[in-house]
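Colleague: The lines below spell out each chain.
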Amino acid sequence: MRTIAIKMLFGDTAKFYGILLGLSFATLLIAQQASIFVGLMSRTYALIEETPQADLWVTDPTMQFVDDTKPMQVTALQRVRSVDGVGWAVPLFKGLLVAKLPSGTRQICDVVGVDDASLIGVPARMVKGDVSVLRKPDTIIIETRGARSRLAQPINPADPSGPKRPIEIGEELELNERRAVIGGIAETKPTFQNVPTIYTTYSRAIGFAPANRRTLSMILVKAADGASITELRDRIARETGLAVYTPHDFAWTTIRYWMTQTGIPINFGIAIVLGFLVGVAIAGQMFYNFTLDNLKYFGAMKAMGATTPRLLELVALQGAVAGVLGLGIGLGVTSIVGLAIPGDKLAFKMTWHIPVIAAAAVIFIVVASSLLSMRRVVKLDPSEVFQG
Amino acid sequence: MSEPTNSIVCSEVFKTFGVGDSMVRALRGVNLEVRFGEMMALVGPSGCGKTTLISILAGLLQRDEGAMSVLGTDPSALSNHERTLWRGENVGFIFQQFNLIPQVSILENVAVPLLLRRHPKRDAFDRAAKLLEEVGLKGRESTRPSKLSGGQQQRVAIARALVTGPRLLVCDEPTSALDGATGQKVMALIRELTAAAERVVIVVTHDERIYHFADRIAHLDDGRVTHVSTPAEALAESAARMSDAAQRH
Numbered sequence: 001m002r003t004i005a006i007k008m009l010f011g012d013t014a015k016f017y018g019i020l021l022g023l024s025f026a027t028l029l030i031a032q033q034a035s036i037f038v039g040l041m042s043r044t045y046a047l048i049e050e051t052p053q054a055d056l057w058v059t060d061p062t063m064q065f066v067d068d069t070k071p072m073q074v075t076a077l078q079r080v081r082s083v084d085g086v087g088w089a090v091p092l093f094k095g096l097l098v099a100k101l102p103s104g105t106r107q108i109c110d111v112v113g114v115d116d117a118s119l120i121g122v123p124a125r126m127v128k129g130d131v132s133v134l135r136k137p138d139t140i141i142i143e144t145r146g147a148r149s150r151l152a153q154p155i156n157p158a159d160p161s162g163p164k165r166p167i168e169i170g171e172e173l174e175l176n177e178r179r180a181v182i183g184g185i186a187e188t189k190p191t192f193q194n195v196p197t198i199y200t201t202y203s204r205a206i207g208f209a210p211a212n213r214r215t216l217s218m219i220l221v222k223a224a225d226g227a228s229i230t231e232l233r234d235r236i237a238r239e240t241g242l243a244v245y246t247p248h249d250f251a252w253t254t255i256r257y258w259m260t261q262t263g264i265p266i267n268f269g270i271a272i273v274l275g276f277l278v279g280v281a282i283a284g285q286m287f288y289n290f291t292l293d294n295l296k297y298f299g300a301m302k303a304m305g306a307t308t309p310r311l312l313e314l315v316a317l318q319g320a321v322a323g324v325l326g327l328g329i330g331l332g333v334t335s336i337v338g339l340a341i342p343g344d345k346l347a348f349k350m351t352w353h354i355p356v357i358a359a360a361a362v363i364f365i366v367v368a369s370s371l372l373s374m375r376r377v378v379k380l381d382p383s384e385v386f387q388g
Numbered sequence: 001m002s003e004p005t006n007s008i009v010c011s012e013v014f015k016t017f018g019v020g021d022s023m024v025r026a027l028r029g030v031n032l033e034v035r036f037g038e039m040m041a042l043v044g045p046s047g048c049g050k051t052t053l054i055s056i057l058a059g060l061l062q063r064d065e066g067a068m069s070v071l072g073t074d075p076s077a078l079s080n081h082e083r084t085l086w087r088g089e090n091v092g093f094i095f096q097q098f099n100l101i102p103q104v105s106i107l108e109n110v111a112v113p114l115l116l117r118r119h120p121k122r123d124a125f126d127r128a129a130k131l132l133e134e135v136g137l138k139g140r141e142s143t144r145p146s147k148l149s150g151g152q153q154q155r156v157a158i159a160r161a162l163v164t165g166p167r168l169l170v171c172d173e174p175t176s177a178l179d180g181a182t183g184q185k186v187m188a189l190i191r192e193l194t195a196a197a198e199r200v201v202i203v204v205t206h207d208e209r210i211y212h213f214a215d216r217i218a219h220l221d222d223g224r225v226t227h228v229s230t231p232a233e234a235l236a237e238s239a240a241r242m243s244d245a246a247q248r249h
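Line order of the protein sequences matches chains A and B.
Quick note on numbering: the first sequence equals residues 1 to 388 in this note's numbering.
Quick note on numbering: the second sequence equals residues 1 to 249 in this note's numbering.
Some hints here could point you the wrong way.
What the hints assert, rightly or not - With a straight-line Cα cutoff of 25 Å, these simulated BS3-like cross-link-like pairs (lysine-lysine) come out: (1) K70(A) / K222(A); (2) K100(A) / K189(A); (3) K296(A) / K15(A); (4) K7(A) / K147(B); (5) K94(A) / K189(A); (6) K7(A) / K130(B); (7) K296(A) / K189(A); (8) K136(A) / K94(A); (9) K147(B) / K15(A); (10) K7(A) / K138(B); (11) K185(B) / K147(B); (12) K7(A) / K121(B); (13) K296(A) / K147(B); (14) K130(B) / K185(B); (15) K70(A) / K128(A); (16) K121(B) / K296(A); (17) K164(A) / K70(A); (18) K345(A) / K15(A).
FYI, nobody ran anything at the bench for these hints, they're computed from the structure.
Just so it is clear, the structure is predicted and the values come from calculations on it, not from any experiment.
Go ahead and model the full structure; you've got the sequences and the hints to work with.
Modeller: Here's what the structure looks like:
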């Protein structure tokens, strides 16, 4: 009988495709918008993910998120290093600087200055060159997306607006009137600001930056062997008065800032709610109408001895089949769109939570419309089959 | 103890719908006896209570008052659930509009009453195929109902009604959606397939052309069985009424 119930669903082609379209579209909107939202949020803490060596991040207490650099006095580094349980502590500079490109155009870049000695903070995945090039004078490392896009140079220098080529190793930029030579190109995770990131040494970075009494953006800390990270975090905070985060906490502090201080969640939330409403409006109504259309057959079945639970089982099965197919198609299309569009153009990250949320939404739509439909089936008077 | 000769006994059966101003007395004391092996036609003007009566006999509705026995049971005394199961085991239905599921094959349509009762699938389809053969639709098993003529669809409905082997077959205007010749064939088929001593057939109809298939005809008017006649008597009465009406005009 289940096969017949499913054939009834598939056989009403117009309604079946309507239900499927509604559920797929709702899933697509919910999953895609949620994935883009998660993708965008994950970009806000890309620097933390690119620096896995640090157990703790030390910042000015007023700093609200990763890009909200509030420089500290350089003495903060020594104070942190003096705390018991610190294995090592290295400085990190982070700031937005204007770079003058070989073509003469100017481009804002995110400059990250890493510890001169250890070079901790330089991306691990070098595409061209080697991390050690930073030991050469005036050298910088750029990342692939920036090299291909905003730092790209015209193929014909005489035609700056013509076709472009990626900027290459050996080419020079000017950062605050100072020469910077590209020594390497690294693969990095996209950032929220989506401006090219330049990596160099800490001392060189503060040389590029406008003169400032405070230059220390953050301090990266590794706990000594055997030291508890949470205890060390609390101890550094207590002894220095600075803010100290584990990478996880720092990432969530950053996400919370974007969630609470910007309109991003509301915008995505509206799109997700709209997707859900589209699902309810189209799929829910279509499924309800589908059941209404079949009410006379359900009535005949009831007359022929089908119990109400048996009929509800059939309606639930039809709803479940439509739900699974709609969810599958919606998630499939979402994944294809996410995979087809390059990461530098679309911030897309589908975590396991997103299919679960989309499934929950689809289940709600299907269950709600099935319950409405079932209500009609339960109330159905089998003697109505004789009404012609 | 011998088998009772009457399969259906109704004594002073009443049924009312609604309350207050909207109250309708559909049955006002129906008395009726139908014997095993008999085909009984219920005839009468629209609104006389025919549909209400077969609904009560088939266990689709409950009577308000009176006494009743259908195949040895009073379906109105059963709970809703028990009545549903009783219908599944004992009653076959042939509807005016066939009510065949359009999205599935006629074989599946015929097997529906068995599958609804979780009958083994293979046996259900075997029995459905056998009945389709009996109604002359062998080789058309995988056809959808919409590909068949009205008469063929009603044959499928007959096969579906008989697939569970019911002892009571209830036919609601089985020929009203068919032309005259097809209606005769369909009734002949119903008569042929239900000619068993332990089975009883109730046919609600307005169609005088099929009166002769019935063994007896119960005339209903204003919620009561006014009298029971033979088909010949019923046709004679009808002819007399027509003649009176013609003379008045």
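Colleague: If a hint holds in the structure, say so; if it does not, say that too.
Modeller: Structure-based check of all given hints:
1. K70(A) / K222(A): Cα-Cα ~21 Å, so holds.
2. K100(A) / K189(A): holds, 24 Å
3. K296(A) / K15(A): Between K296(A) and K15(A) the Cα gap is close to 17 Å, so the pair holds against 25 Å.
4. K7(A) / K147(B): The given pair, whose Cα atoms are some 17 Å apart, holds under the 25 Å limit.
5. K94(A) / K189(A): holds, 16 Å
6. K7(A) / K130(B): holds, 23 Å
7. K296(A) / K189(A): violated, 59 Å
8. K136(A) / K94(A): holds, 20 Å
9. K147(B) / K15(A): holds, 21 Å
10. K7(A) / K138(B): With a Cα-Cα distance of about 22 Å, the restraint between K7(A) and K138(B) holds, given a limit of 25 Å.
11. K185(B) / K147(B): holds, 19 Å
12. K7(A) / K121(B): OK: K7(A) and K121(B) at ~16 Å, within 25 Å.
13. K296(A) / K147(B): holds, 20 Å
14. K130(B) / K185(B): holds, 19 Å
15. K70(A) / K128(A): violated, 32 Å
16. K121(B) / K296(A): Holds, because 24 Å separates the two Cα atoms, which is no more than 25 Å.
17. K164(A) / K70(A): With Cα atoms ~36 Å apart, K164(A) and K70(A) exceed 25 Å; violated.
18. K345(A) / K15(A): Roughly 36 Å between the alpha carbons, so the hint for K345(A) and K15(A) is violated.
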